[in-house]
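Residue numbers (this note's numbering), protein chains in the order written: chain A, 1 to 852; chain B, 1001 to 1349; chain C, 2001 to 2203.
Calculated directly from the structure, the hints in this document are not laboratory data. You can take every hint at face value.
Pairs of lysine-lysine, PhoX-like flavour, derived with a Cα cap of 25 angstroms:
#	chain 1	residue 1	chain 2	residue 2
1	B	K1339	A	K401
2	A	K403	C	K2173
3	C	K2105	A	K434
If you're wondering where the values come from, they're calculated on a predicted model, not measured in any experiment.
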Amino acid sequence: MSKIFAFHGGIHPPENKKQSTRAPIRLAPVPEQLTIPIQQHIGAPAKPCVHVGEQVLKGQMIAEAQGRISVSIHASSSGTITDISPQSVPHPSGLEAPCISIKTDGQDQWIPHQGLADYRSLPPLELINYIRNHGIAGMGGAGFPTDVKLHLGDDHIVNTLIINAAECEPYITADDMLIRERAEQIVGGIEVINYLLNPTHILIGIEDNKAHAIRVLEDALRHTKLNIDIVVVPTKYPSGGEKQLVRLLTGVEVPSGRIPADVGIVCQNIGTVAAINQAVHHGTPLISRIVTVTGGAVGKPQNLEALIGTPINDLLETAQVNHNTLSRLVMGGPMMGFTIEDDAIPIIKTSNCIIAAVKEEMPPAPPSQACIRCGLCEQACPAELLPQQLFWFSKSREFEKAKHHNLFDCIECGACSYVCPSNIPLVQYYRFAKNEIRDEEAEQRKSDQARQRFEARQARLEQAVLDKEIRRKERAAQAAKTQAAKKASSETAAQTPEDNIKQLKTAAAITRTKLKKALSALEAAKADSSDNIAQLDLQYKQAEHAAEEAQKALELAESGIQAPATSVAPDIKQLKTQAAVARTKLKKAQQALKIAEDKGHDGADTLRATVAQLEEKSVAAQLVFANAETDAASSSSSNPLPALKESTDKALGTFKKAEAALETAIANSSPAAEKMKAGVEKLKAKYTEALAAQEAAETLSAPKATEAPAQSFEPQPTARTPADLKALKQNVSIMRTKLKKTETLLASAEADSEQAGELQQEIVRLTQLHKDAKAQLDAEEEGKIKAAAAQGIDLKKLKIDAALARAAVTKLERSIKKAQEAEPAELNALQTELLAAQQQATQFNNTLSQFE
Amino acid sequence: MALIRITSPHVHKPTSTAGIMRLVILATLPGILAMTFFFGWGTLINIVWASALAITFEALCIRARNRPLSFYLRDNSAILTAVLIALALPPFAPWWLTAVAVFVAIVIAKQLYGGIGQNPFNPAMVAYALVLISFPVEMTRWTAPFMLYGEGWNILAFTDTFSLIFGSWVEHADAFTSATPLDEMRHRGGLTTEEAWRASDVLANVGAWHAVSAAYAMGGVLLLYKKIFSWHTPAAFLLSLGGIATFFYIISPDTYADPFFHLTVGGTMLGAFFIATDPVSSATSNKGKIWFGIGIGSLIYIIRTWGNYPDAVAFSILLMNLAAPFIDQYTQPRAYGHKASKRGMKEKI
Amino acid sequence: MSAVLIAILVLLSLAVVFGLVLGFAAVKFKVEGNPIVDQIDDLLPQTQCGQCGHPGCRPYAEAIANGEQINKCPPGGQSTIEALADLLDVEAVPLDAEHGEESIKTVAYIREDECIGCTKCIQACPVDAILGAAKQMHTVIVSECTGCDLCVEPCPVDCIDMLPIETTLNNWKWTPPVPGVELIATDTGRSVAHASSKEGASS
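Bound conformation, chain A alone:
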């Protein structure tokens, strides 16, 4: 007889085991519906290998193990797979997890199976794999895959095998009854494990309250050659805890954070041992288990052999449950089990007990009182912790201290809560604290990773900028070289008109610089309000004049070159540059004007005049450019639309800037506002002109586009249409952005109601523009669709457009919501806009559906 060592603490709750040991183990009826979770064990969930509608036979594998720590799942009875979906599973959270549902056919027809004739002839690795494929996982509570534990012989020296038959939790008698009725299976299972692990001692730990089972076991052990010791331990909860049993039987403690195998011990639950026997000798996978159905609300407490996946309600009915008195349904023992709310939850491999308790049996916990530090918990703790200290730390969220006080050595046995006179739910505090600590650690890991990724990204971006800079420099050097070469060659050649232009340009630039200098001097003088303003003004005007002259000369020269030019394209380019120059000038002048106006100086008027002049010039340049472009569009074969659009956009940009300037001017209530408004109007006109030009061009090109695919499969026109569309779309999106910006501006300006009115008008106008653009886009789209309809292409594009329209609708809706809170006045505008957008969206959707 082995010596028994004691462990600290422990409690003696009322056993309540007698009720369910009176009747022998009965087979539970096959239920109509089996719900088999694909994860009934610790580790990775098994992967379903059947599909809905498939016929399965009893014992057929329906989900196979994937990953190192995992086991397979088998059909518990024959029938049809009806569903693979999340269902309520036995878990304290009451959450759902993926399950395979089988509608049983009542035949209970086995798949052909047979045990191994001689398992000793198999290499251990194959035998272990065989056990894994038969779905065997620990049946004591945690559900650790058994094959992993049987592998332990490889990298650990296993000298002791402990068979856990302690069954220390009250109420549960499943192992007790298993020993009483099927002791030979246990002996067979132990022999298999012995073959795999080859330990020097085999100990069966059993509590002294199972006298009958001990006798049966002793009888059974006479038939084996193995030297197996039955160690009877005193009844004390939680002697069946793995660590506590190891200490009880061997006097060795499993080091904190390690497994028993690290000290040469492997524990197996007695139910698991029997399941191994069934698998090895009969080829039966783990598809049923013994479940104790007991409790005050059950008419006939007993042990049932239930198929995995049987709803517990079926078992309760078999045991004649009284639903009227049932107040709490517990799966597992009363100390560590969890309550379940749904009695359709299935039995899984680890479900050893179902307690249908009446209220008197498990009364609701009274409200917890203050901890009086009585220390009863400490006397009861089997892990020799300081439960009340852990409680204080968990409660005040001092997790660091809780960890230091060995919180993670807590086995959550519930002994401390059981003895607490103040009814404090200590275990729940510990679980909460453990969760939080694990969570914090996971978050720490995640944030470390995020930091690494962030830093890596930053480094990459910086490197990209550097690389770009280097490339730019290289290019500049290259360009300088070619320039030098060109210069050298052109030096010898006669002065071309281009050179002339160059000179002129330089002259113009110089005069511009002069002009600028004069301007800044004038500014400075004005700021100082010195006397020589008049003089400076004169100087400035002179400079301006010079600049204009220079510019004119330049333009003249340029137009001179332009005339003989054969290609229109470069001409347009130059014109564009010119227009851009004009715009820039205008902008600068406007800025200067603004500054001047802000300062309220007299010189502002002069500046304003300049601005007006420049504006005119800009408009003129733009017009020239636009004309040239239209010419080019009509004459040249190249695609004019993008260019036109660009010009439109630019015009719009100028217009917008001018408007912004105007707004500031209005806001400053300056007298120049009127003039500026006129300028803005001009710009607007110009913009509409550009737009018209664009439209004209588009109508020109559109028929081409629509004709082309019908006539032939020329690639060029078909390629062009999407390009146009893209531009149009860009246009629309720009409008939208603008609209959005103005809206935000409006929102911020809401405080000054004066500006708000203006802005609102602006919004309305922009909305109009947006709509125009949209309509244009739509028209184009329509054309394109017609074109595309012939070939049935571009559905994806359509989809994208639809998505864009939908997004526009949602965005508008959001802004309406915002507006509703802020200002009801603009609501109408927005709402009409929303309607339009919605129409568009539906239109798109309709078109889309037509195609689909």
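With chain A fixed as given, assemble chains B and C onto it according to the hints.
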């Protein structure tokens, strides 16, 4: 069917804080009886008076702190504190002395710290120490045990006792009061212990105190048997006090009182079984409780022998209450699976 | 007179000696980098969301080291504020609502059939958690997403959703026990917060 989701465990030992308190109060019965037998009705009257006051103060405080009244009043902790105060005070302590003590214990030492379970010091001992320092005259006037007055059970009549406590103190005072044996021993002047034993009436009647101590010890053993507290604190307390006393007694029996005297007079037994074992203010782990007990025992001897006060249970316990958190930090048990026990509050970096 | 002189001289020489010692120590024991910034950065949640007004967590850590308020980090929430308060030995203050509120943790999901492949979200993501290429559908690497929602705004078709992290059996947590009858007047605020957080958890 409405099923509830609750965390495990689902069964609970039928114990409650109120039940524990009740049991402790019951365990003081032998002591109360002995006190009444030897020192008259005063103790009983004081217990009733102190309990009434304690419940009133407790109720007022709970109400003021906006907490459920009956829930907290039912835990019996206020009554236990009152009983302990009444047992510690002289039997004929005037009513206001008891009132002050109870007020200090319940309001200041307990509720102001956050109520039951939150007090760092034992409330009864805080109250006792306060009144001992504030009202030394009243506190040092004990009743002489009845044996001093002739034959038979000859204590002061109940009504007289009542009027003595609630009426005027001075008229009757001298007739019934005397010093305690510890006072006699402390203020024996140049006499040796042997001479003191012979000279003093009080010391001649020390048997009464022995009897009362024995009665307290009985109650304590009952609580030990019921596992209300572990043996560690009282054993360490009594063994260290006895051990030190023996040591000095062997060195010089003339100068130092014998260990039996130290263990059985004054508040030693009451302190060992009813005060030092108060879980709220004592050390937590078993190892810690032993150090806690040793600390109290040695402090009592030191203060009794060389200090200013004849008895020192209250001061010693309060001092060790102060040290309890410190003791806790350094006496954590070795948890399962660990090689050594941990120290302090945080991992050392 | 000479006594005064001696005193002054002694003090001066002392000052020189200590000055030299301090100067030597400053050179010899110079602290490399700014460890406090690293420590603060360690405590921040590294969502890089910019809700604090700084472009990333490290800049905010630097700002905190230079005396900025510690309550501007909504993703970290009160626990981060407490940890920072603990580290910097200052008073823990409630979260500054101006920078957002502490909300449940979310992860970005791209509605993949609506994605047009513009790569704008990829450019916005501070931790490179979005996978995709131009004109190709994008997707979020959920395990790397910090839930900063910086990718939502740039999306031109609004196809990015911030979805709360789903509770599964693997990340389900026990709720802290509700203290029964320990309410006192000053606790009511906390209890209300507690109740609301409970509601949030149950809904």
